[in-house]
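Student: In case you want the letters, here they are:
Protein chains: 4
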Amino acid sequence: MQHFESDYLEGAHPLIMERLSATNMEKTPGYTVDVYCDEARRKICKACGCPDAEVHFLVGGTQTNSTVIDALLRPYEGVVAAQTGHINQHEAGAIEAGGHKVLPIPHEEGKINAASLRSYLEGFFADEAYTHMVNPGMVYLSHPTEYGTLYTRTELEDIAAVCHDYKLPLFLDGARLGYGLAASNTDITLETIASTCDVFYIGGTKVGALFGEAVVFPRPGIVKQFVSIAKQHGALLAKGRLLGIQFSTLFTDGLYLKISRHAILMAERLRKTLEEKGYEFFIRPQTNQLFIVLPAEKAEKLGREVGFSVWEKHNDGRTVIRLATSWATKEEDIDTLIGLL
Amino acid sequence: MQHFESDYLEGAHPLIMERLSATNMEKTPGYTVDVYCDEARRKICKACGCPDAEVHFLVGGTQTNSTVIDALLRPYEGVVAAQTGHINQHEAGAIEAGGHKVLPIPHEEGKINAASLRSYLEGFFADEAYTHMVNPGMVYLSHPTEYGTLYTRTELEDIAAVCHDYKLPLFLDGARLGYGLAASNTDITLETIASTCDVFYIGGTKVGALFGEAVVFPRPGIVKQFVSIAKQHGALLAKGRLLGIQFSTLFTDGLYLKISRHAILMAERLRKTLEEKGYEFFIRPQTNQLFIVLPAEKAEKLGREVGFSVWEKHNDGRTVIRLATSWATKEEDIDTLIGLL
Amino acid sequence: MQHFESDYLEGAHPLIMERLSATNMEKTPGYTVDVYCDEARRKICKACGCPDAEVHFLVGGTQTNSTVIDALLRPYEGVVAAQTGHINQHEAGAIEAGGHKVLPIPHEEGKINAASLRSYLEGFFADEAYTHMVNPGMVYLSHPTEYGTLYTRTELEDIAAVCHDYKLPLFLDGARLGYGLAASNTDITLETIASTCDVFYIGGTKVGALFGEAVVFPRPGIVKQFVSIAKQHGALLAKGRLLGIQFSTLFTDGLYLKISRHAILMAERLRKTLEEKGYEFFIRPQTNQLFIVLPAEKAEKLGREVGFSVWEKHNDGRTVIRLATSWATKEEDIDTLIGLL
Amino acid sequence: MQHFESDYLEGAHPLIMERLSATNMEKTPGYTVDVYCDEARRKICKACGCPDAEVHFLVGGTQTNSTVIDALLRPYEGVVAAQTGHINQHEAGAIEAGGHKVLPIPHEEGKINAASLRSYLEGFFADEAYTHMVNPGMVYLSHPTEYGTLYTRTELEDIAAVCHDYKLPLFLDGARLGYGLAASNTDITLETIASTCDVFYIGGTKVGALFGEAVVFPRPGIVKQFVSIAKQHGALLAKGRLLGIQFSTLFTDGLYLKISRHAILMAERLRKTLEEKGYEFFIRPQTNQLFIVLPAEKAEKLGREVGFSVWEKHNDGRTVIRLATSWATKEEDIDTLIGLL
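Sequence lines, in order, name chains X, G, S and F.
Using my numbering, the first residue of the first sequence is number 1223, and each one after it goes up by one.
Using my numbering, the first residue of the second sequence is number 1223, and each one after it goes up by one.
Using my numbering, the first residue of the third sequence is number 1223, and each one after it goes up by one.
Using my numbering, the first residue of the fourth sequence is number 1223, and each one after it goes up by one.
Simulated from the structure, these hints should not be mistaken for laboratory data.
Note that beta-carbon positions come from the ideal geometry of N, C-alpha and C, so glycine has one too.
All clues stand as given, with none of them false.
Label pairs and their calculated CB-CB ranges:
hint	chain 1	residue 1	chain 2	residue 2	range
1	G	Arg1375	X	Phe1347	40 to 48 Å
2	G	Glu1240	S	Lys1552	18 to 26 Å
3	X	Pro1328	S	Gly1345	46 to 54 Å
Here chain S is said to cover these stretches of chain G; the calculated rule only asks that three of the stretch's residues, wherever they fall, bring their Cβ under 8 Å from a Cβ of chain S:
hint	stretch
4	1225-1237
5	1241-1255
6	1309-1319
7	1425-1435
8	1445-1459
Some chain X residues well away from chain G (every beta-carbon gap over 10 Å; in silico):
hint	residue
9	Pro1236
10	Glu1248
11	Cys1272
12	Ile1327
13	Asp1387
14	Asn1407
15	Glu1413
16	Leu1477
17	Lys1480
18	Tyr1501
19	Glu1522
20	Lys1523
21	Glu1554
With the rest of the complex left out, here is chain X:
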């Protein structure tokens, strides 16, 4: 059985495991105020090109989204997101549990765009009754999106310009950020993101870490006492150094990008084969997630030998499945998979 269900099937990159073991019996203060977290912060600031950035380490994606969103919104404000945004679909109401509505706007392949964002905002504030409605208080996007698609630098800057016009902070969910940065045809770098977004996170869980997300506020001072909001969310890890060690390792010698690039290369080999064999893509693959459309019986047959995610029903009754590569995908597993297709 080959497993391509997701990009978080394995543990951590071996260098991380080594460093966790090597430091295991050291004693450090808790709650991310230790030398390893500071070391990781410095490296991340440098990689983002913003030496004064405020960096926080949280454990998982849903937790990070709800903590950041609660930190930025006032009670009557909501977060604008693609209908398909993770916060709108797969977080069991974590955002609403904080009292905030997700305000869905249309998307294309998981991406929002500046024009529809502006149109929504114009319409909203033109409504005489807008004070009786949930006010847009920030904008959320994911890069790569839940469909593995990518924003271009221009698209991102255009969205940021709209946010700027309406004084809305822009939040980028980077749960799979590595796979976006390492993609073959992207003009977006960490520096791009740091200069256009008000807050974003660098995903560790899906990109080489056991767990962990690094939240970056490129321009500090936006949120007061973020650490208290994280604590309130149960998001402050007691042995915080585990996060520092992991992110420090990922941001040493370009490891984060290097292992992300591997996942992309594996995905591209897979994409090429799928194309050659005439498989139909649900969405043109750009990163490490490949969505293909299969007749139900074919999906079932393939499912006996290959693990994948059943994504949704296509509107013609066929099944959309997702195959995901990761930093840990082995060349020979791709070979085997290709043999089975």
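With chain X held as given, fit chains G, S and F onto it using these hints.
Tutor: This is chains G, S and F only, laid out in the frame that chain X set:
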């Protein structure tokens, strides 16, 4: 200037004002445990044909919606509603403030239907990841809807049947219930509603009262200590008897239906004229709200002499406006309005 | 049976009922943006000596407390209050429902004091772990307190000075404010309150209105879009003018103070008799609430002829009861009560 | 510098690190539905003597407390706890963020007792106004407490009996459970806890794991879809197997108790020396936490060579400090520390 902006422009029906004045200096206990509330409860139970119903009196609609919904849902559950439902649009996030997501489903003229509800529920629970998503925990509908449209008895029963299959309580928002019950072509009565819904409310604010909504649980015991949840929502009126007196008056000698019927007759006169003069309806009028589509300049011109609500932009750029009649609309005001059209 | 259970047993002052009736069939816009609300706002601003104050009209006390507190606090902040504060005891968790902890500090006869407040704040911020705790974000006090006691001007200014040092907004719950302003030995006026507090409310429900509380922000701009937070709390009355008419009447020709003074005079007559007859006061009466300690059997006997509130068990097993006068208390009812004591 | 600040200074027990490394490149499904979690569940069920128990794995203590409490309470209910309970002091409002009040009752050395619990509950429900107050909906205790003290079996059973009488679930916070089970004079075992409590958790973070808390519902079915509530709280770890592997290791060959016992032995050596040298205990030590009272200057001097937690100011102005041993404390570190005392 004629005013047709809404159905809550005036105070209360004169009989209510009289009775409030007549009882003004009486002393009663607070918080809806007084003889007038009990009197109103008995009359409402009788009108609903369910002698054991549990009846609570709250002040306003948004408050009632959020209190009832919080009372019924578990933390990870949301409330299924039409995209256009009041709770999804015009309550400034009151539902989300209670920690719950509104789960919008498609609508036709403000109405959900049994088929799309069932389809949504089937799809939801077929998703392997449903425990990571906000679970549908109840169904909300408004009758009349925000567009003044009405369910038929069959439609309501079909929706109730789906709810029953999925063990979801059905909640009917009756902020304008009188205008629904008094409509010309409806087969829905208070008894119908009481026998199909798990909880609903009889709107007073828009139908003859100064304020007030009577929440009815036809089969008691569904919610424990509803009064505490109301108190927590700031929805328990100190001088609760004001609600009892108003609803007791409304449910004496059929006043509630009688004054509602007047609004319908006024709306029908208006509709007839609008039809004759070739106005285009945005939605076929069924109750006391009339939505018409006007070119922007015409809307502006009319707006100088008639107060109405600007509802939304039509997709062709014209303006959708709403004219509302009410229990208080005077024959001569309709005459004047007709002259201006 | 004589009734002294509370100060909200009757309806409204007759002048209010008259004006509500006189304006009943007028048409006004909803949600407190009408001429009567504006009229009331102007009168309140004048009475407070702050022409630029921001004034909002809400329906009840619990609702007002939770709305104001949610408007002022960030997620990890709580509200400092006397252990006996209404928000800590009798609001069914309305403050916690908004996500905020009530941080109780010691009190004397229901009053907090500047020294213990400062001591609490010093201790709090001296704790290394304070970011892991609920941070004090504002201070709440009630005037008169839940025990009918009053702050002096100096006491209030001292508390405000501490709040100022720690940059904490000071919120005064004036559910019974009239009875405090009209007390015999007070040096606190509306102007005093407006110049020392950041937000307070003028209680209507217990002082002559059918319902209603006027929230005053003496220096506007502290809270953005308060109206949206009120709407979210279900606290925005559709027929908002009912509040405007009531408060405009209460603030015409000094009615608010005049009727409050009546309650004080009634309470003072009652106090004098109780003293003469040797009743033991639980707390020295200052306003319209009289707390006396009775043996259980005596309380029971009195309870057959007089309605009162059972307040708490005294620590010696006797019962503490409360007798309340109000704007509506009749001279002859006091006579009758005195005869029964 | 010697470090005795807390029991979570180091990483994990070496056997855990070994097993994490050994399984690192295996592929498993996420979110705690993997073979390692199942293995850990079976071992925990066995250790608790309840084969049908429902076991969930969460990441940290605050998160676990807020998730369990939200899962058990209705909106208007609160959680009864010692004034000193962790949920009331050091969770930055995580419980209130879920909408629930912590209802503090008196404690002795961090412990609540059956008599004062019963007295509180009797008083609460005797109050006529109890529906206007936050209702006690469950009882929380920690074992060991925040002061390192322990309940006896009888004390725990008596509390459980009160809970049973009032139909309140009893929740035991076992963040340091191992150190309680391994204490020298305790008659409480895992089986005792499983038979008296409705839900409890076995702390991993402070007892040998990198992180992780195992929530046990001895009698399943109390909470529906706990996993969704955990997800909503951001408490569901993507690579859930990390928790399974850790708890499986801790519950193999009695490791959990064995390493806990080591901490107790180290604490007892330390206690003996402190006694001999005449140090004054703030609280008689029972587990791995030792609280001593020091003059400020002595605390400062000691602090130059030994890391400890400053706990609170003693009421005589001296400082209460905490020294904590753990599974990882080395014999020689105790020797060194003893030399410094």
